[in-house]
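The sequence shown runs 92 to 671 under this note's numbering.
The reader is advised that the hints may include incorrect statements.
[Stated by the list, open to error] Pair ranges (Cβ atoms, derived):
(1) Lys-134 / Asp-432: 41 to 47 Å
(2) Arg-249 / Thr-138: 29 to 35 Å
(3) Ser-229 / Thr-300: 24 to 30 Å
(4) Arg-507 / Asn-426: 29 to 35 Å
(5) Lys-456 / Pro-107: 55 to 61 Å
(6) Val-181 / Glu-297: 27 to 33 Å
(7) Asn-426 / Ala-395: 49 to 55 Å
(8) Leu-158 / Thr-340: 49 to 55 Å
(9) Tyr-140 / Gly-283: 51 to 57 Å
[Claimed, not checked] Subject to a maximum C-alpha distance of 25 Å in a straight line, what follows is the list of computed SDA-like cross-link-like pairs (lysine to any residue):
(10) Lys-456 / Gly-425
(11) Lys-183 / Pro-170
(12) Lys-264 / Leu-251
(13) Lys-183 / Lys-264
Because the hints were derived from the structure by calculation, they are not lab data.
We put the beta carbon where it would ideally sit given N, CA and C, even for glycine.
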Amino acid sequence: MPKPPLHTDGLEDVEPTGDAPDEPAPRERTGFDPLAPYRGAFKRFFTVYRHVLGLLLGGILAYVRALPPGERGGFNHLPARFAAFCARPVVKRSLRDLPFARQLRRRLEILGPTFIKLGQIMALRKDLLPSTITSELSSLMDRLPEVPFSQVKYILERDLGRPLHELFRRVRKEPLGSASIAQAHLAETLGGEKVVFKVIKPGIREVITSDLKLLEAVGVLLQWVLPRYQPQQIIEEFAAYTEKELDYTFEADNAEIFSANFADTPGIVFPDIYHDLSTGDVLTMEFLRGPKPGSDEALALDEATRERVIDLGAEAIIRMLYQDGFFHADLHAGNLVILPDTGDEEAPVKVGFIDLGMVGRFGPKTRRSLLYYFYALVRGDVERATRYLLGMARLGEGADPQGFRRAVGDLVRRFRMQGSRSELSVAQLILESLSLGGKYRIFFPVEMTLMVKALITYEGVGRMMEPELDITAVSRRHVERIFHRRFDPRKVGQELMSGAPELVDLAVDLPQLLAEGAGFVKERLNRPPPSRAPLEGLRSGILAGAFVVGGSIAAVGGGPWFLWGPLFAAGLLLAVFGSS
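All chains should be built: construct the whole structure from the sequences, respecting the hints.
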């Protein structure tokens, strides 16, 4: 049955039935079976194990198949050819002749929603995985057949504790969308407000929780086999995000945090949450009605409106990333809504963000480094940009930071020399910089790849609306605004005041600590040395070092100059004249 057009809503009146909620029919039981709770888990374990083993064996086949013809017959690859000969009858016929990346994608699709979502996270980790794998996994679709509305109705009534007609006046039974975890429907509240409610599909939480436990064991195995690609880290990151997607209280909290962060920007909106119609399994939110970027309706907007939409999108993304450190981590054109002709004089055009279950966070230190990095990048300061990027990385065993610095510097220079400004993609430049990390054993947190996804979406949407858009200029304008706000004297003064108690304690305690330290050093120096000559001038040198270190602590801690200035001066005098 085709879904009705959105402009007709397709809402049906909810009539009271007087019946108790229709509980799904229980499975027929044939007698007592103490192993019943464990049989499904064992079966799932062996299914996953079989596919992991099949993938490893299929990888051997793909490796041998990819060897140059002149090398296949040599003795160097004899063990691999023998392993491939033994593996060929074992690997599934429909998969064994496929490239390894396609084998991986097909097996993830066969294993179901948990593994499809894992593949989508893997597709983002271009800094850890080869491009052939990330490109193939990017085509994974997070879609499953819809569940009957009778089951959706049962979950609503069970979780909210009331019959459907006491919850909504009208409901659209055909879903707006059906993904692996949840299903969304349009409805109208008893007060006449249009809303969207999402329901976690029955049984999916148990399946995913069980799969995550299996994946932890698989991650340990793969980490031992393929340590270079950090599979255990990818699985841990995936598990952390997925567990939060299974509880809608997190998404409700995210929506309220975003709304609070942008309370001073009426042109950027997020759906209001209806807490009385929401639980961990059900989320009811305001329906933001408007065209998606790239739709015919959006492209038909006048030029001024399109420019305003692009500017609002840029402001939102850059502010989320570099000012708030709290950003939409599953951003794509389907999660953006354009709200033209709002009737609001202050913001006649608005941009809305939906589907807020997956978010990324940056701590204050990382947020500052990212701001400095992005600011240097859009201004063309290659050396500083490379230094800030490297400062956010984790160095693996055998890392080559100097090689990485040179490679990224060369990459930035090439990017700036190629193409016009309207073709330059800052997001693509950052992505390729992160991708170089694996080669030099330098790794970045998953939030940075999610950041790049957000930037790529912003650039893609901007160019949908305006093909000749100068992304760099728009980005520079907004990041400079944040940069100047960051170093506003009042802001700096507030930060200094927030650290004032520690500075006072430091100023009070530092003289005593220095005196005790100097006394300790003096007492040790007064002991007669075995040979006086080698220690000549050592006392003054150590005392000078103590004064310089004390001055450095005071200066770095933001102490006043009249505290650290004399310490530096005393250290300098002792260093110059102490040995004479």
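So, going through the hints one by one against the coordinates:
1. Lys-134 / Asp-432: 41 to 47 Å: violated, 55 Å
2. Arg-249 / Thr-138: 29 to 35 Å: holds, 30 Å
3. Ser-229 / Thr-300: 24 to 30 Å: Roughly 26 Å apart at Cβ, these two residues keep to the hinted range, so it holds.
4. Arg-507 / Asn-426: 29 to 35 Å: holds, 31 Å
5. Lys-456 / Pro-107: 55 to 61 Å: holds, 57 Å
6. Val-181 / Glu-297: 27 to 33 Å: Given about 31 Å between the Cβ atoms, the range holds.
7. Asn-426 / Ala-395: 49 to 55 Å: Violated, since Asn-426 and Ala-395 (Cβ atoms, about 25 Å apart) do not stay within the stated range.
8. Leu-158 / Thr-340: 49 to 55 Å: Cβ of Leu-158 to Cβ of Thr-340: about 53 Å, so the range 49 to 55 Å holds.
9. Tyr-140 / Gly-283: 51 to 57 Å: holds, 54 Å
10. Lys-456 / Gly-425: Cα-Cα ~32 Å, so violated.
11. Lys-183 / Pro-170: holds, 22 Å
12. Lys-264 / Leu-251: holds, 18 Å
13. Lys-183 / Lys-264: This hinted pair is violated, its Cα atoms lying about 40 Å apart.
In terms of the numbered hints stated before, the structure departs from hints 1, 7, 10 and 13, listed from lowest to highest.
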